[in-house]
Amino acid sequence: MAIEKMEFVSVTASRDCLDSVLEKCCESGCFQIESAVASASGSGERTLQLMNDKNPYDVPFKGLVSIATELGIELSETNYSACPLESGADFTEFIDSLEESLAEASKMKQAAQQIISQRKAALIQITHLHGLNAQFDRIFSCKHVHVRVGKLPLESHRKLDYYDQNFFFVPFEHDRNYCWGMYFCPKNDKEIVDDIFTSLYFEAVRIPDFVTGNTEEAFQRLESEIAEEEKNVAKADRELKNFARVHEEEIQRAFSKLCHKRAVFELRRKVGVLRDKVFIKGFIPKKKHKDFEQLFAGLPGAALTFMPPDADSSCVPPTVLKNTWFTRPYSMLVEMYGLPDYTGYNPTAFVALTYTLMFGIMFGDLGQGFIIFLLGLIIGRKVHKNFGGMMTRCGVSSMIFGAIYGSVFGFEDLLDPVYESIGISFLPLHPFHNTSFILLTAVGLGVALILISMILNIIIGFREGDIEKAVFSNNGIAGLLFYGSIAGGVAAMMLFDVKIMSAPFVIFFIVIPAVCIFCKVPFAAVVKYKEFRLSNEEEDMTFGNFIVENFFEMFEYVLSYVSNTMSFLRVGGFVLSHAGMMLVVSTLMNMVSTGAKPAVLVIGNAFVMVMEGMIVAIQIIRLEFYEIFSRFYSGSGKPFEPVKAGFSTEIE
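Okay, so the sequence shown: first residue is 0 according to numbering that gives the first Met the number 0, each after it adds one.
Calculated from the structure, these hints are not laboratory results. Be a bit skeptical, because a hint or two may be false.
List time: in silico DSS-like cross-link candidates among lysine-lysine, alpha-carbon distance up to 30 Å [as the list claims (entries may be wrong)]:
(1) Lys269 to Lys643
(2) Lys643 to Lys276
(3) Lys384 to Lys321
(4) Lys106 to Lys234
(5) Lys643 to Lys384
(6) Lys276 to Lys286
(7) Lys285 to Lys637
(8) Lys4 to Lys643
(9) Lys61 to Lys269
Given the structure is predicted, the values throughout are model-derived calculations rather than measurements.
Working from the sequences, and respecting the hints, build out all of it.
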């Protein structure tokens with residue numbers, strides 16, 4: 000699989016038609032804009048400045064969102080061709096007219112809500128003062144007596160008897176932690192008594208001036224006022240609802256157009272300006288060349304220049320993965336790890352083949368694979384196209400290996416008569432009867448995938464001109480010979496009792512590659528520069544430090560070879576795990592009555608499919624990323640993000 004070819008595009012236009020040019024860029028759906036001043040290398044371009052005009056649509060945007068929120072209108076993108084508004088001033092005038100029409104109802108609602116909030120707060124304040132029968136206004140109007148209402152911790156309340164001061168405390172109500180009440184004292188002793196109660200953690204409660212009468216009267220009056228104001232709020236809501244019903248369509252159109260205008264204007268931050276000219280640059284897919292050029296044909300004020308993607312050294316070409324029907328859904332895994340560089344390697348096909356293969360091996364069941372296939376079709380159409388596509392492909396693979404294992408919804412012997420009737424004696428391959436074969440095959444698969452990953456790294460290294468990566472690294476030619484020779488020697492000895500580990504074989508295919516990996520930096524320098532060179536950091540390194548550092552690095556490489564290979568044992572392990580879990584389901588079926596067996600079968604299969612299917616999917620991703628991708632792939636590419644004037648209700 001390849002990477003989509005790109006073209007670098009430079010657009011020069013008069014400042015007067017800037018908005019039209021940006022509109023065309025958004026309309027194309029294939030133009031990724033870059034900062035126009037990033038490459039100001041020529042003397043003539045040094046005077047280019049990025050446009051930094053204040054967006055005139057920001058204030059109307061916030062105002063319209065506020066109005067829609069007040070009216071309870073859920074904003075959504077709609078056709079705005081009938082909306083006559085254009086400039087920021089037009090939208091501001093439109094918003095002002097809406098606010099003017101809403102002013103009376105809004106003021107009524109706000110005033111009523113404020114009164115309700117105040118009255119409810121007052122109700123909370125006097126909730127614990129039911130024991131007070133005197134008039135609030137008479138108590139607080141005393142000329143010679145200082146009064147405070149509030150709550151006192153129960154522990155502090157018990158300490159009041161210790162104070163021999165000229166005050167008394169009247170409790171009204173107790174709860175688990177506090178005693179509510181008020182204290183009285185002469186105004187001349189106000190400071191002393193207040194200090195005493197402050198030290199006892201007394202929390203004063205302010206009774207608003209509009210609270211009059213005793214506690215019961217105040218409660219009735221406050222509740223009556225709240226009910227009256229709630230009627231005013233309901234009346235205002237009805238008026239606002241009627242207004243929203245009449246003007247909702249107009250507001251939706253205006254907001255959609257405002258979003259578009261605001262987003263297009265925001266693109267100016269990447270536009271360079273020089274006197275009366277503006278300069279825009281970016282990338283388009285090469286296959287869109289004619290369409291993009293045709294789009295600007297009716298705009299005489301703009302001139303397009305098409306160049307190779309590497310024409311501007313300051314702009315990194317974006318990456319668009321080019322995949323086939325089978326591999327396209329797996330691009331989501333590649334993007335999760337990171338896109339390749341524009342000149343790099345697209346690993347989607349490799350991921351698609353290996354992921355599908357390993358899923359089928361680890362989750363081989365003809366019946367369950369068919370269910371996964373059907374679920375994939377539904378999810379692909381209704382929820383997520385790529386995820387559903389992966390499920391359908393993995394479902395087919397699971398069905399194929401399920402047929403090989405002879406497993407249909409956990410019944411391991413269901414296909415035996417079929418194979419006997421057609422004369423295939425080596426199938427089905429029952430996991431519990433072939434445990435060693437399955438585990439050894441899993442390790443062999445891991446060795447093969449690791450070797451293929453190394454070969455890909457070698458190809459990529461030569462393509463990039465990186466001799467150290469392609470030849471001398473642990474994943475280069477030296478690593479390929481070292482790892483492949485040991486793996487091949489061990490396999491020949493264990494499987495075929497053939498001893499190929501002779502002295503010449505060990506020297507040429509193990510020792511020499513190991514030395515190359517150990518001394519990869521100086522060897523690569525000699526090949527590249529035809530002389531021995533070291534970097535500044537390496538020049539300060541002593542011979543002893545070089546030996547120690549590379550010894551531990553080599554030791555790490557050897558451990559990684561072993562651990563990465565053994566990691567593929569999980570492929571065979573999950574084959575046995577799946578068979579074991581379905582054996583448990585079968586055992587449970589035999590323990591229940593005949594009528595309950597179908598329920599156990601359905602629930603057991605559903606449980607295995609959900610739990611094991613999810614675990615297998617995650618484990619394969621781990622194998623792909625850590626054991627395979629880490630050997631050859633660098634996800635440092637830049638995603639392709641064509642400009643568009645999208646719809647958004649978020650206020651920045």
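Here is what the structure says about each hint:
no.	hint	result
1	Lys269 to Lys643	holds, 14 Å
2	Lys643 to Lys276	holds, 23 Å
3	Lys384 to Lys321	holds, 17 Å
4	Lys106 to Lys234	holds, 12 Å
5	Lys643 to Lys384	holds, 22 Å
6	Lys276 to Lys286	holds, 29 Å
7	Lys285 to Lys637	holds, 17 Å
8	Lys4 to Lys643	holds, 21 Å
9	Lys61 to Lys269	holds, 23 Å
Violated hints for the displayed structure: none, as all numbered hints are satisfied.
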